[in-house]
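Below are the chains, spelled out letter by letter.
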Amino acid sequence: MFQNFRLAMTWLHTWFGLALGFVLMVVFFFGALSVFDREIDRWAIPQSRFAPQPMPSFDKVLRPVFESMQPTKESIERMKDKVDGPMPERFDTVRRWGAYTTHRDPVLGLFAGYVVPNAKDPEDGVWGNRTIDPRTGAALPDDRLKVGSRFFYPLHYSLNFHWKNLGTWIVGFAALMMLVALASGVVMHRKIFREFFTFRPRKTTQRSALDLHNMTGVVALPFHFFFAFTGLVIFAGIYFPVSHTQLEPLHELHEKIEAQETGLPHDRAGVAAPLASVDAMVAEAQRRWAAQGMAGEVGFLALQHVGDANGYVSIYRAGTDRIALVGNGIHFKASTGELLREDPPKSAVDGVNEFLTGLHLQHFRHWLLRWFYVLGGLAGCVCIATGFLFFVEKRKKQHARAGSQGARVVDALAVTTVTGMLIAALGILIANRLLPEALPAGWPPRGDLEQYAFWGAWVLAMAHAFWRSAPVAQGRMAPAWREQCWAIATMAVAAVLLNWVTTGDHLLKTLGAGYWPVAGVDLFILTGAALAVVAARKLGRRARVVPAVRIAEAAHA
Amino acid sequence: MAASLAIHSRLHVALRIAAAVLGGYAFCWGFIALGMAGLYALGMPFHDAEHLLAMLAFLLYAAVFCWAFVARSLPRVWLVLAGAASLVQMGLA
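Taken in order, these protein sequences are the chains called A and B. Throughout the first sequence, residue numbering follows the working numbering, covering 269 to 825 in sequence. Throughout the second sequence, residue numbering follows the working numbering, covering 76 to 168 in sequence.
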């Protein structure tokens with residue numbers, strides 16, 4: 269198809285980079301924000317602005333909460349076509365209870381999975397969630413959206429498009445194209461070392477954009493490669509579901525053998541049994557970790573086959589000081605508290621896998637690295653955005669002469685995905701602070717309205733981008749960029765002010781108290797506002813200079 | 076670049092892309108299925124084989140994807156990717 273290797277790679281880089289760049293922009297930006305997802309949750313849910321808590325007592329706090337839980341309406345709805353006969357009214361056979369926490373969580377997320385007796389596939393089930401204050405067991409209002417960990421974070425890997433996992437597939441393809449773009453980018457640019465230090469902001473926009481594209485791509489190359497690759501590895505089970513399709517018989521066989529080897533029952537016995545003190549099991553697990561020189565907190569607590577003679581309790585150590593999310597699992601018989609098994613050390617492959625996925629997910633404590641992740645993610649955004657700019661700058665004069673709208677459309681889409689995305693992100697934060705605590709009866713849940721604000725703001729930004737990009741078709745710069753920068757600056761300041769007005773937590777107070785989750789989010793938003801003002805002013809100056817040059821050129825001609 | 080593309084039809088470009096995306100996927104699926112069955116038979120734990128093959132498969136996919144555009148002959152690309160994938164399926168069936 270091409271004369272040589274480099275031309276083929278250039279074609280790949282240009283067209284797949286452009287097409288998937290719009291997705292990658294979202295993935296990189298919301299990935300960067302997800303590094304501080306829990307801190308954004310604190311900003312969005314003022315009731316949860318208190319210090320992180322350890323896993324509370326199961327016997328006193330968690331058990332009554334778990335016992336009062338039922339599956340969510342959505343999960344029952346999803347099960348609708350997968351049962352024989354009518355759906356049960358209540359679900360009392362608990363397959364699994366689980367609670368997961370990290371060193372950054374003041375509130376605790378609980379999970380419960382239930383057996384559906386008349387399910388066509390007995391492995392299917394329904395589930396419920398609840399978020400509690402672990403100090404009292406009181407539930408948080410369930411219409412509160414965790415904007416960081418339940419909206420920005422899933423946006424990062426699924427675009428919040430869950431129908432048939434399609435969003436996750438699109439993001440996966442984009443990640444694969446990121447790997448391809450990195451490989452083809454390196455082939456295109458032979459002078460890799462020089463790219464590190466080359467940025468000529470005073471040259472033409474086309475040249476400066478390319479310099480910045482190369483620099484942010486090369487400087488953070490290992491970061492980009494690592495995150496695209498490990499992102500794929502995390503979802504390998506979705507992208508290549510070999511074990512659950514073609515090799516399902518082998519997988520089932522393995523599960524049965526594993527259950528025999530570990531002594532952890534694969535199925536229920538069908539005989540009811542009481543539950544011994546889980547607190548005593550936790551104490552025993554912590555004693556065993558301490559005896560191995562690894563004293564630690566509980567990160568993940570799970571009960572399997574609840575209320576059954578085959579029930580067991582699994583206790584995992586929090587990975588605060590480890591790459592892996594959790595580890596050192598110890599399992600007890602639920603009815604007696606007898607020790608069933610201590611997980612053996614990881615195999616080499618498992619160790620590598622845990623290392624790769626654990627480094628990507630970063631639930632461990634390392635604030636400096638956490639900030640490097642943000643910088644790496646934002647460098648990726650700059651790389652993609654300058655890629656768009658270069659594409660447009662290189663072609664817009666030519667397209668203007670030919671009367672083509674190509675450059676204009678790409679530019680409008682670039683405005684939508686770069687500045688429009690920031691407007692959407694600020695839109696959800698502003699809506700979160702503006703909506704009343706208790707909504708009038710008949711309104712959609714508060715969290716849903718916040719999400720509508722996000723998508724609504726984005727659609728408006730897109731409409732504006734297409735409307736205000738007409739000059740690109742004449743070879744000039746779109747005023748949409750500048751105008752959206754002003755919108756970002758205004759909205760950012762508004763978000764921080766609204767946080768102050770609605771919660772009383774202004775920056776002097778949060779900084780004075782050293783309450784970094786909220787102070788950090790406020791400062792980050794204000795930094796964004798300052799950068800948006802700088803960008804808007806520069807663009808404004810250029811918009812005034814360019815017509816002057818044009819007039820001078822015309823006079824000479 | 077435009078000149079080199081012009082001599083090829085849109086159909087050729089579409090077939091290249093299809094070869095890279097679908098052919099590459101089928102090829103990597105076969106690589107995982109065959110590799111897992113093989114390594115498990117050789118005594119590697121099931122989930123170790125699963126994880127190892129998945130990690131390698133993504134790198135392989137990216138490489139195969141590039142190759143589908145770089146290779147001179149499009150029929151050869153299809154022959155290698157689809158052919159290998161079908162052979163694996165027949166072998167495992």
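Hints in this document: simulated from the structure, not taken from any laboratory. We treat Cβ as the ideally placed atom computed from N, Cα and C, and that holds for glycine. Certain hints may be false.
Stated by the list, open to error - One side only, chain A facing chain B, incomplete, derived with CB under 8 Å:
id: 1; residue: 269
id: 2; residue: 451
id: 3; residue: 497
id: 4; residue: 508
id: 5; residue: 619
id: 6; residue: 621
Ascending list of hint numbers which this structure does not respect:
Those not satisfied come down to hint 5.
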